[in-house]
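In order, the protein sequence lines correspond to chains A and B. Just so we're aligned: 239 in the numbering used here is position 239 of the first sequence, and the numbers increase by one with no gaps anywhere. Just so we're aligned: 225 in the numbering used here is position 225 of the second sequence, and the numbers increase by one with no gaps anywhere.
Hints were generated in silico from the structure; no laboratory data involved. Glycine included, C-beta positions come from ideal geometry on N, C-alpha and C. Don't take each hint at face value.
Unchecked claim - Okay, derived cross-link-like pairs now, DSBU-like style, lysine-lysine, Cα gap no bigger than 30 angstroms in a straight line:
| # | chain 1 | residue 1 | chain 2 | residue 2 |
| --- | --- | --- | --- | --- |
| 1 | B | Lys-113 | B | Lys-94 |
| 2 | B | Lys-234 | A | Lys-184 |
| 3 | B | Lys-71 | A | Lys-184 |
| 4 | A | Lys-176 | B | Lys-71 |
| 5 | B | Lys-72 | B | Lys-113 |
| 6 | A | Lys-176 | B | Lys-234 |
Claimed, not checked - Facing chain B, a subset of chain A residues (Cβ under 7 angstroms, in silico):
| # | residue |
| --- | --- |
| 7 | Ala-183 |
| 8 | Trp-186 |
| 9 | Thr-225 |
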Amino acid sequence: MSTSDAMAGSTMRSRSAAAAGRATVGAAYFVGGLALLLAVWWLAIYVASKNPALSQFTAFGPAPAFKAIPHMWESGLISKALQSSGYRLGMGLLIAILIGVPIGIVMGRNRRFRELSNSPFQLMRMISPLSWEPIAVIVFAGWNSAIIFLIAIAAVWPIMFSTAAGLSKVDPAWFKVARNLGAKPWQLVTEIIIPAIMFDVMTGIRLAVGVAWIVLVPAEFLGVTSGFGYTIEDARESLEYEHLMAMLIVIGIVGYVLDLGCQALIRRYSWHK
Amino acid sequence: MSIRGVEINVHGLGYRYSTRGNPTFTNLQLQSRRGEALAIIGRSGCGKSTLLHIIAGLNRPTEGVIEFDGKKVDGPSSRWVMMFQAPHLYPWMKVSQNVGVGLKFARWPEKEKAERVNEALRLVELQDYADVSVQDLSGGQQQRVALARSLVMEPELLLLDEPFSALDAFTRASLQRDVRSIAKKLGFNLIIVTHDIDEAILMADRALIMAGAPGKIVTEFEVPLPDPRQRQDKDVQAMRSRLMDAFHSAAGKPTGADAHGEEESETDSDSVTQHA
Chain A
1 MSTSDAMAGS TMRSRSAAAA GRATVGAAYF VGGLALLLAV WWLAIYVASK NPALSQFTAF
61 GPAPAFKAIP HMWESGLISK ALQSSGYRLG MGLLIAILIG VPIGIVMGRN RRFRELSNSP
121 FQLMRMISPL SWEPIAVIVF AGWNSAIIFL IAIAAVWPIM FSTAAGLSKV DPAWFKVARN
181 LGAKPWQLVT EIIIPAIMFD VMTGIRLAVG VAWIVLVPAE FLGVTSGFGY TIEDARESLE
241 YEHLMAMLIV IGIVGYVLDL GCQALIRRYS WHK
Chain B
1 MSIRGVEINV HGLGYRYSTR GNPTFTNLQL QSRRGEALAI IGRSGCGKST LLHIIAGLNR
61 PTEGVIEFDG KKVDGPSSRW VMMFQAPHLY PWMKVSQNVG VGLKFARWPE KEKAERVNEA
121 LRLVELQDYA DVSVQDLSGG QQQRVALARS LVMEPELLLL DEPFSALDAF TRASLQRDVR
181 SIAKKLGFNL IIVTHDIDEA ILMADRALIM AGAPGKIVTE FEVPLPDPRQ RQDKDVQAMR
241 SRLMDAFHSA AGKPTGADAH GEEESETDSD SVTQHA
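Isolated chain A (complex conformation) (with noise of 0.2 angstroms):
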C-alpha cells in the first residue's frame, strides 16, 4: 500500500462534509428563493389594487388562493384532478420510456442506424406537440387516449436521444472485459449497458417530464372534464380565480416534486463523480 492510499481515505472525509455544507447552503437558496417570490407576487396584487382600473386582479393574489387550496381538497377538486392528469402523465410518460430507450440503445449501438434515423427524428422532434392534436383526435376514439398519445410523443425524443448519447460514451474496453470474465450478449445488456446509461436515461427522463408537463395542460383544455387543464378551464369560465391561481400553484408544487423525484433518481443511479 502506498501513501496514495491514504489520501484516497482522507479524500472521501472531506468530501462527506463539503457534501453536508451543500445541503444546509441549498436549503437556504430554496426557502429564499420561495420567499421572494412570494413576495413579488403580493407586491404586483398590491400595487394593481390600488388602481382601480386593475382592481380586479385582486381576486389573483396570494392571500385568496392559498386560502382556496384547502377548500378545493376538502371538495375532491385537487385530487379527483391529481388523478387524471397523473394517469395520464404516466401513460403517456410509460410508452415514451418503452419506445424510447429501445431505439435510443440501436441508435447508441449502430452508426447506420443512428445516420439514417437522424434526420427523420430530428425533423419529427422539431414539430410541437400540440400541433398533433388533430390528428390524434380523429385517430383515437377517446380525448383521454389522444392526451397520453401527445405526452408520448412529446417525451420520446428526450428520451430517445438521452439514452443514445449515453451510450456513445460508454468504454469499449468494459465489453471486452465482460467478454473476457465469461459474459453472455444478455449480460452485456443487463449488466453493463443498462447501468452504464442510466444517469442518461434518467436525466432524458427528466427532461421528458417537464415537457410533458407542459404540454399536459394545454391538451387538457379540450375535450376532457377532468385534469389541472380542465380544472384551469372551468375555474376561468366560473369567474373563480382564486381557484384558478390556487391551481396553478398545486401545478407548479407538483410540477416541482415529480422534478425533485427525478433528480433524486439521478443521484440515485448516478456513478459520475
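Since the structure of chain A is already known, use the hints to place chain B on it.
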C-alpha cells in the same frame, strides 16, 4: 484458492487486420510450461499485444492453432483472464461487486461468491475496501481490484497487457512483485506483454523477444533468478544488461558497451521502474 497452470502450445499462428493488409505476424510458434511466467517484449507495433489478445480468445487468428493442455482455444473463457493497461473497472459498482462480476456472469450462489471475493481481496490486500466505490481508489488500488477480479476466477492463465505502465514507479514495483508471488503461490501461468526490460526480468521465468514486420519471436531468454527479485540485486542488473543486448541484437542494432550509452537512455524512457 486452488489453481493449476496450463501447458500452452501455439502452432503456426498468423494474423492480419484486413484481408488486403500486411500480416501482423505469420507462422508464429510458442510453448509455455505449466505454471511458467512468460514475458513477451518488443518495440511498439511488433504485434505482441495482438498475440496476447489472440491467446486470450478475444481476437481470432487468421491461421494457426492455440492449445491449452492439448485443447484448442476458440474464444474467451474465465479459465484464461486478461488484465489490461488500464483497470477498466465498472464505476457504478463497489470494489467487491467489481471483483465478483465474473462470478456473477457465471451465476455463482451469493454465499460462495462472497467467500471467493473476500479471499481474492485478501490476496491483493484490499480486504478493508470491499464496500468502497472504485472511483474513490488510487490508480494502484484500482489495478489491484482488476487483479483481484482476474484472480477470483481462479484462472489457469493470467495474461497481462502492459498492466502497470500507467502507474507510478513505487506502485508498479509493488504490483510486479505481488503478481509474481501470487502466481507462484497459486501455480497459474503468466504471460506478460511489456516493453519494460526491468518488468520482464522481475516478473518472468523466460522472456521472448518479438521484432520485425511481420513480427516474429527472434530469440528467447531464460531468467533463472531466485525470488524475491530486487531491481538493485547484482544478478538482476547483470541479467538486465544481457537481455538488453539480446533485445538490441534482435532489433538489428549494435550491442555491447559501445552501444549502451545511447540504447540504455532510450530504454530508460520505457522503464521508469528502475528509478524506484
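Each hint, compared with the structure:
1. Lys-113/B x Lys-94/B: holds (15 angstroms)
2. Lys-234/B x Lys-184/A: The hint is violated at about 49 angstroms.
3. Lys-71/B x Lys-184/A: Holds. Lys-71/B to Lys-184/A sits at ~22 angstroms (cutoff 30 angstroms).
4. Lys-176/A x Lys-71/B: Distance of about 23 angstroms is within 30 angstroms: holds.
5. Lys-72/B x Lys-113/B: Roughly 29 angstroms between the alpha carbons, so the hint for Lys-72/B and Lys-113/B holds.
6. Lys-176/A x Lys-234/B: violated (40 angstroms)
7. Ala-183: holds (5 angstroms)
8. Trp-186: violated (11 angstroms)
9. Thr-225: Violated, about 46 angstroms.
Hint compliance for this structure: hints 2, 6, 8 and 9 are not met, and every other hint is.
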